[in-house]
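J.: Sequence:
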Amino acid sequence: MADVHLHLLLILTVITVRARAQLPGTWELLLENAGIASMHTAVTHYGTVVLLDRTDIGPSRLNLSSGHCRVDPTDRFLPRGDCTAHSALFDPSTNTIRPLSIITDTWCSSGQFLPDGTLIQTGGDMDGFRRIRSFSPCNNHRCDWVELKSPLLSTGRWYATNQILPDGTMIIVGGRAAPSVEFYPAARRPLRPFPFLAEAGDRQMDNLYPFVHLLPDGHLFVFANARAVLYNPSTGQVLFEYPILDGGPRNYPSAGSSAMLALDQADGYTKAEILVCGGAQYGAFLHRDTDALAGTTCGRIVATDPDPAWAMEEMPFPRIMGDMVMLPTGDLLVINGAQAGAQGFEMASNPCLNPVLYRPNEPAGLRFMTLNPTAVPRMYHSTANLLPDGRVLVAGSNPHYFYKFKAEFPTELRLEAFSPEYLSSDRANIRPAIEAAPEKVGYGMEFEVEVVVSLPVVGVVELNLASAPFATHSFSQGQRLVRLEVSPPVEVAGDDGVHRYRIGCKAPLRGEVAPPGYYMAFAVNQGVPSVARWVQLASISS
-17 MADVHLHLLL ILTVITVRAR AQLPGTWELL LENAGIASMH TAVTHYGTVV LLDRTDIGPS
43 RLNLSSGHCR VDPTDRFLPR GDCTAHSALF DPSTNTIRPL SIITDTWCSS GQFLPDGTLI
103 QTGGDMDGFR RIRSFSPCNN HRCDWVELKS PLLSTGRWYA TNQILPDGTM IIVGGRAAPS
163 VEFYPAARRP LRPFPFLAEA GDRQMDNLYP FVHLLPDGHL FVFANARAVL YNPSTGQVLF
223 EYPILDGGPR NYPSAGSSAM LALDQADGYT KAEILVCGGA QYGAFLHRDT DALAGTTCGR
283 IVATDPDPAW AMEEMPFPRI MGDMVMLPTG DLLVINGAQA GAQGFEMASN PCLNPVLYRP
343 NEPAGLRFMT LNPTAVPRMY HSTANLLPDG RVLVAGSNPH YFYKFKAEFP TELRLEAFSP
403 EYLSSDRANI RPAIEAAPEK VGYGMEFEVE VVVSLPVVGV VELNLASAPF ATHSFSQGQR
463 LVRLEVSPPV EVAGDDGVHR YRIGCKAPLR GEVAPPGYYM AFAVNQGVPS VARWVQLASI
523 SS
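Numbering follows our numbering, with no gaps: position 261 of the sequence shown is 243.
Rather than coming from a laboratory, the hints here were simulated on the basis of the structure. One should not assume that every hint holds.
To be verified - FRET-style restraints, in silico, Cβ to Cβ:
no. : residue 1 : residue 2 : range
1   : E129      : F387      : 25 to 33 Å
2   : T252      : E430      : 22 to 30 Å
3   : T252      : P355      : 22 to 30 Å
4   : L12       : R124      : 41 to 49 Å
5   : R112      : T252      : 37 to 45 Å
6   : L437      : N77       : 28 to 36 Å
Every residue gets a Cβ at the ideal spot worked out from N, C-alpha and C, and that includes glycine.
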């Protein structure tokens, strides 16, 4: 009988391994030890990646260069000086890491890129509560964080959300005990109360890191807990309150996630749909119930509809702390997280190892596809970001107050990349490569890109602009994908054995559709994206 049981176990193991191998997508380890666990991650227009943890956590595993130690007498753990880095710059082209110097505490802070590509990072805890920091990317090894002495934030921001606006300024929304908004640069716009955020709170908060999406009419869709409003950032008025989303709380510490689906020129960029998925049971955070099963529901709503309503869908897995990554194709990758508990230190269990792909244009009930699982649990304080080559960088996971490497879910210093199925070798012959594209385009400008493909193109080649968001705490601040108006590809002469095409494109007319800044421009052929070219979208004087 024992032999029979052993035989059955071997059969089940083989079946499991084969099933896993047949699921779409592949994983690769990029770096065994990044030195820090990245709580906040952002991709710069040089293709490098800013990794950012928190200070006041003790030493990391990445040393600062000589003479760059941080000395803070109020540091509870290293008051005599900390010579380890709490931020780093990762280069995916070489898989190398460079330490960066961060001074004030960036724990649970927020950020966004300005139109010139500068990353502005705001708030945090302790000495970082009202601070603003700047990182101007470079193509050498000289750029580093700058702590701005002025201005300071009007109020402390801890667990806030930032969003770039059509005029290139940034709105900073909410935070713990901060039901208000403010702007950077302030430019005569004072702090404004935003009572909705306080009203959306409950006994366990559930209104932190609100989901903020810039709609193509210039208004903001702001979601907190299970409620959402349409907010005019110019006047401070709440214009509309959306129906309540069933399924319990969705924001920190209940750990749902959200994304805006791709904006499309086919409808004149007039339609914006929002997806909100997952979340913890109410009370899981209050009672530290790490076994409370996470939610499986998603709500999808047309935020620009005059009579909007939530359409409910079911995910294949319960999930909290999932990261939503908008892929160049317009599909959404949901990755990382756990299946039980809540956000917070040592508050979750049962990691959700399988990413899922959400295909918004498929029929309801058929939109989710289960993908190849990772072997590395990515729990609290993990991130996921789209890279210019179409892969997704996965970083972080530290569900402990300090770095803790001997635990069921240890502090995670490894960097991984997930390659969606569109990067599989059997699609290489239809993968386009951009050979020529402008570095800068103006609103409404018509321009051309040139692509090459191994096999002849069938149909339209899309050109899609993907922003570079600031990913933290299950939400990518400022994330958006914009499908441009394109003309049919025109084949041009070439003698190198490939098919070369010229594609006419037209940039959006206004910043409400795509705020000024750097975007990854992907050519997409039959669902397969190119390596992106960085394009700066800006107002250009004639």
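J.: Decide, hint by hint, whether the structure agrees.
T.: Against the structure, the hints:
Our hint of 25 to 33 Å for E129 and F387 holds, since their Cβ atoms are close to 30 Å apart. Taking the beta carbon of each, T252 and E430 are about 26 Å apart, inside 22 to 30 Å as hinted. Checked against the given bound of 22 to 30 Å, the beta carbons of T252 and P355, roughly 39 Å apart, lie outside it. Checked against the hint of 41 to 49 Å, the pair L12 and R124 fails, with Cβ atoms roughly 24 Å apart.
Distance hint check: the CB atoms of R112 and T252 are about 39 Å apart, consistent with the given range 37 to 45 Å. For L437 paired with N77, a C-beta distance near 31 Å keeps the hint of 28 to 36 Å intact.
Hints 3, 4 from the list above are not met by this structure, while the remaining hints are.
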